[in-house]
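Chains A and B supply the protein sequences, listed in that same order. For the first sequence, the residue numbers in my numbering are 1 to 217. For the second sequence, the residue numbers in my numbering are 218 to 500.
Check each hint, because a few of them may be wrong.
Here are the simulated distance ranges between beta carbons [stated by the list, open to error]:
#, chain 1, residue 1, chain 2, residue 2, range
1, B, A479, A, F185, 23 to 29 Å
2, B, G256, A, V59, 17 to 23 Å
3, B, P323, A, F185, 21 to 27 Å
4, B, D277, A, L114, 54 to 60 Å
5, A, L33, B, L476, 27 to 33 Å
6, A, R14, B, L476, 41 to 47 Å
7, B, L476, A, F185, 36 to 42 Å
8, A, G124, B, L249, 41 to 47 Å
9, B, T399, A, Q129, 54 to 60 Å
The set of hints was computed from the structure by calculation and includes no laboratory data. Glycine included, every Cβ here is placed at the ideal spot set by N, Cα and C.
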Amino acid sequence: MGFLFEDGNFALFRDGFLQTIVLSALSALLALLLGTLLAAFRVSPIPALRAFGTAWVTVFRNTPLTVLFFAVTFGLPPLGVHFDHLTFAVLALGGYTAAFVCEVLRSGINTVPLGQAEAARSLGLTFGQTLTQVVLPQAARAVLAPMSSVFIALPRNSAIAGAFSVGELYSVQQGFSDGDGYSIFAIFFWVACAYLLISATVALLFRFLESRLAVAR
Amino acid sequence: MSKLLTRSTTAGVLYDAPGPKALARYRVFGVLSLLGIAGLFWYAFSALNDNGQFDPQLWDAFQYTTIQQRIVDGLVATLQAFGLAAVFSLVLGALLAAGQFSDHRPVRWACVSFVQFFRAMPLLILIVALYYGFFAKEPMWALVLGLTLYNGSVQAEIIRSGVNAVPRGQGEAAYALGMRKTQVMTTILVPQAVRSMLPSMLGQLVVTLKDTSLGFVITYNELLFVGKAIATQPLNAAGFPYIPVVLVIGPIYIAMCLLLTALARWIEARGRSGANRRTSPAA
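Throw the hints in and build the complete structure from the sequences for me.
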């Protein structure tokens, strides 16, 4: 278990840890923005946008994340798109998670009482105003719990990026495994601890948000 | 009035039935968004075309029977890992759920911490550790065992919450009739819990199916691994067929998942009775 504090291993480990956090945070941001946009598409009065939202969710929810990473990492460079590995990973992970965020938001929109949207409309608010000022703020509150499980899953999923050349916690595990003679279980233990720490932090964050946003009805 | 009350809470409530002005506006927006989406497709198509991705030579590989056979073999390997992992994870989930309801505190704690630990662990890390630690020769068992540990823990949580959601009176009535705990569980609580939790459990099986693609990382000969092997061995001067491989493999995965989802819907519609509580699977 002590290997973490031997010959510079800690620096390597810390870098992987930070990279995981950066990757997760950027992907979460992309997923949140894109997911909200897609959810708005899926409930909009324009059939073309609805179809686009549905197609996106169907494709991205049913494709394994590994396949998405594979497609982005090996499929984009031949098309002349050259980013660094981190950007590719953010695109894949963000696009994948956006589909889940969209579904959660959409089910949240459905839980907002009918009267709310009707009252907003009878006051003369447009579709955009109804959505952004009346329905979405209430939906956001209702979806915090399912949303937290999506965002707890996100750092876990980010491990797959490590298999596609992002210097992340997983690749730290790989780096050590390649024959420095450390026990695989000592490495596993510390990497596991790091992930548990991250998901516990996200869970706490959501619990804090829930208590802040709670409204007595 | 009754029509208003029974109206489903779908998108329809968010906007009025459009009048002539709004209708014209929707049409404009509709045409604009159609144009935008068509532009997106055109851009993707021309990017693929300009870079020679529709060059027939690049797609040549898929005409050979050996390569078709390899794809089928990969598909079979994927389904094999999925089938084993699905069965084992359901069994493990049932055992862990039973353990969480145990009257013996050590058993309960052991099961709860087991479930919480493996639920929080990235599956990839788990599979790779198993691969290097125990199954370096047999990547399939590393994959199956990893999938079983993770998905079994998730299934255990689903079953547990299902049992907790059965109305309290059911269990109390069974005890009052003189049943023992095992009888109450197996004949009263679990059947009702499984019925209400079936959609979630099947949803988790879809996740299991998708996660078999992690076998790619530990050189298990499944669909994605086969795809990469095909893509890295170009048959002619046209180059590496990465994009054709993705365009073939991706839809296969999507079709399998959609089939499984359709099956889940069908079972759900068949067994619908009482209040079904539905939770969406985590990403």
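To see whether the hints hold, each was checked on the structure:
1. Our hint of 23 to 29 Å for B/A479 and A/F185 is violated, since their Cβ atoms are close to 42 Å apart.
2. Distance hint for B/G256 and A/V59: a CB-CB separation of about 19 Å, consistent with the stated range 17 to 23 Å.
3. Evaluation of the 21 to 27 Å hint for B/P323 and A/F185 yields a pass: the beta carbon distance comes to about 24 Å.
4. Distance hint check: the CB atoms of B/D277 and A/L114 are about 57 Å apart, consistent with the given range 54 to 60 Å.
5. A hinted range of 27 to 33 Å holds for the C-beta pair A/L33 and B/L476, which are about 32 Å apart.
6. In this structure, A/R14 and B/L476 meet the distance hint of 41 to 47 Å, their C-beta atoms being roughly 44 Å apart.
7. In this structure, B/L476 and A/F185 meet the distance hint of 36 to 42 Å, their C-beta atoms being roughly 39 Å apart.
8. Checked against the given bound of 41 to 47 Å, the beta carbons of A/G124 and B/L249, roughly 24 Å apart, lie outside it.
9. Here the CB-CB span from B/T399 to A/Q129 is close to 58 Å, well matched to the stated 54 to 60 Å.
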